[in-house]
Amino acid sequence: DQQVKQNSPSLSVQEGRISILNCDYTNSMFDYFLWYKKYPAEGPTFLISISSIKDKNEDGRFTVFLNKSAKHLSLHIVPSQPGDSAVYFCAASAGDSSYKLIFGSGTRLLVRP
Amino acid sequence: AAGVIQSPRHLIKEKRETATLKCYPIPRHDTVYWYQQGPGQDPQFLISFYEKMQSDKGSIPDRFSAQQFSDYHSELNMSSLELGDSALYFCASSLGARNRRDLNTEAFFGQGTRLTVV
Numbered sequence: 001d002q003q004v005k006q007n008s009p010s011l012s013v014q015e016g017r018i019s020i021l022n023c024d025y026t027n028s029m030f031d032y033f034l035w036y037k038k039y040p041a042e043g044p045t046f047l048i049s050i051s052s053i054k055d056k057n058e059d060g061r062f063t064v065f066l067n068k069s070a071k072h073l074s075l076h077i078v079p080s081q082p083g084d085s086a087v088y089f090c091a092a093s094a095g096d097s098s099y100k101l102i103f104g105s106g107t108r109l110l111v112r113p
Numbered sequence: 001a002a003g004v005i006q007s008p009r010h011l012i013k014e015k016r017e018t019a020t021l022k023c024y025p026i027p028r029h030d031t032v033y034w035y036q037q038g039p040g041q042d043p044q045f046l047i048s049f050y051e052k053m054q055s056d057k058g059s060i061p062d063r064f065s066a067q068q069f070s071d072y073h074s075e076l077n078m079s080s081l082e083l084g085d086s087a088l089y090f091c092a093s094s095l096g097a098r099n100r101r102d103l104n105t106e107a108f109f110g111q112g113t114r115l116t117v118v
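Line by line, the protein sequences give chains V and H.
According to my numbering, the residues represented by the first sequence are 1 to 113, in order.
According to my numbering, the residues represented by the second sequence are 1 to 118, in order.
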């Protein structure tokens, strides 16, 4: 029973366009969400996070949107660059005393030059 | 900047053998997490430590144990290895598991140890 779901295993976009990666969750106790990027043979790299008290967080080309009522978050990358090609994991955690991250299955993004 | 260091990077063991994976967190980080990522699967949380005490436990088999030492490095001990234990094992570290909304306590991952059980 997956608590964090990334229903699109892959996404291909043209360089310069917007990439939108989606993530859904089922556990209403989740209150902190993160996006990680992972290259082959490397550990996940933290990208951006959002607390449940916000609905948007922006950092340069990366913006995360949170829709609590829909239990949905998305990562927008604009403009997309070929170096953004990687696997993107959505992760969530619940509660102040735990940092147990629950990961989604990942979305492989390919940015075409 | 110093990152999370994991050793070894690759490890090949036979069934029923034991393995020890090591994790050296980012300096001043006091929290360590272990994750297992099987082939084609998402990372699964195993266990975490805060200030040398176990802080959370996930889907860690009884054959596995872990601890965090006084210098905050952590070791994951795996015994009676099975073929299904073949996976990438990631360690992550962060600062202060409790006040994460006030501090930038995102977890930073190491490059992982690839364990192959034959």
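Please note that the accuracy of each hint is not assured.
Subject to a maximum C-alpha distance of 30 Å in a straight line, what follows is the list of computed BS3-like cross-link-like pairs (lysine-lysine) [unchecked claim]:
1) H:K22 / V:K68
2) V:K56 / H:K22
3) V:K38 / V:K54
4) V:K5 / H:K15
5) H:K52 / V:K68
6) V:K68 / V:K5
Partial selection, computed: residues in chain H whose CB lies under 10 Å from chain V [as the list claims (entries may be wrong)]:
7) Y33
8) Q44
9) F45
10) A87
11) F90
12) G110
13) Q111
Pairwise CB distance ranges (calculated) [stated by the list, open to error]:
14) V:R17 / H:G58: 16 to 24 Å
15) V:D55 / H:P61: 24 to 32 Å
16) V:R108 / H:I12: 21 to 29 Å
17) H:L11 / V:I53: 21 to 29 Å
18) H:N77 / V:P82: 37 to 45 Å
19) H:S79 / V:N27: 39 to 47 Å
20) H:D30 / V:P40: 27 to 35 Å
21) H:S59 / V:Q14: 38 to 46 Å
22) H:A2 / V:G83: 43 to 51 Å
Since the hints were derived computationally from the structure, they do not count as laboratory data.
A virtual CB, placed ideally from N, CA and C, is assigned to each residue, including glycine.
Here is what the structure says about each hint:
1. Pair hint K22 of chain H plus K68 of chain V does not hold up; C-alpha atoms about 38 Å apart against a cutoff of 30 Å.
2. Restraint check for K56 of chain V and K22 of chain H: the C-alpha separation of about 37 Å exceeds 30 Å, so the hint is violated.
3. Distance check on the hinted pair: K38 of chain V and K54 of chain V sit about 25 Å apart at the alpha-carbon level, within 30 Å; holds.
4. Among the hinted pairs, K5 of chain V with K15 of chain H is inconsistent with the structure: their alpha-carbon atoms are about 33 Å apart, more than 30 Å.
5. Only pairs whose Cα atoms come within 30 Å are accepted, and K52 of chain H paired with K68 of chain V is rejected, the gap being roughly 35 Å.
6. Of the supplied pair hints, the one linking K68 of chain V and K5 of chain V holds, its CA atoms being roughly 15 Å apart against a limit of 30 Å.
7. Annotation: Y33 of chain H was flagged as interfacial toward chain V, and the flag holds, the nearest CB pair being 7 Å apart, inside 10 Å.
8. For Q44 of chain H, the interface hint holds, since its Cβ comes within 10 Å of a Cβ in chain V; the closest pair sits about 8 Å apart.
9. Because the closest C-beta pair between F45 of chain H and chain V is about 5 Å apart, less than 10 Å, the hint holds.
10. Of the supplied interface hints, the one on A87 of chain H is violated, with its beta-carbon coming no nearer than about 13 Å to a beta-carbon of chain V, more than 10 Å.
11. Interface hint at F90 of chain H: satisfied, since its Cβ lies 5 Å from the closest Cβ of chain V, which is below the 10 Å cut-off.
12. A hinted interface residue such as G110 of chain H counts as satisfied when its beta carbon comes closer than 10 Å to some beta carbon of chain V; here the least separation is about 5 Å, so the hint holds.
13. Contact between Q111 of chain H and chain V, as hinted, is supported at the beta carbon level, the nearest pair being about 5 Å apart and thus within 10 Å.
14. A hinted range of 16 to 24 Å for the beta carbons of R17 of chain V and G58 of chain H is inconsistent with their spacing of about 38 Å.
15. Checked against the hint of 24 to 32 Å, the pair D55 of chain V and P61 of chain H fails, with Cβ atoms roughly 39 Å apart.
16. At about 27 Å, the CB distance of R108 of chain V to I12 of chain H agrees with the hint of 21 to 29 Å.
17. Checked against the hint of 21 to 29 Å, the pair L11 of chain H and I53 of chain V fails, with Cβ atoms roughly 42 Å apart.
18. The hint said 37 to 45 Å for the Cβ distance between N77 of chain H and P82 of chain V, and at roughly 41 Å that hint holds.
19. Between S79 of chain H and N27 of chain V the beta carbon distance is about 32 Å. The supplied range of 39 to 47 Å is therefore violated.
20. As the Cβ distance of D30 of chain H to P40 of chain V is approximately 30 Å, the hint placing it in 27 to 35 Å holds.
21. At roughly 39 Å, the beta-carbon separation of S59 of chain H and Q14 of chain V lies within the given 38 to 46 Å, and the hint holds.
22. Take A2 of chain H and G83 of chain V: their Cβ atoms lie about 24 Å apart, and the range 43 to 51 Å is violated.
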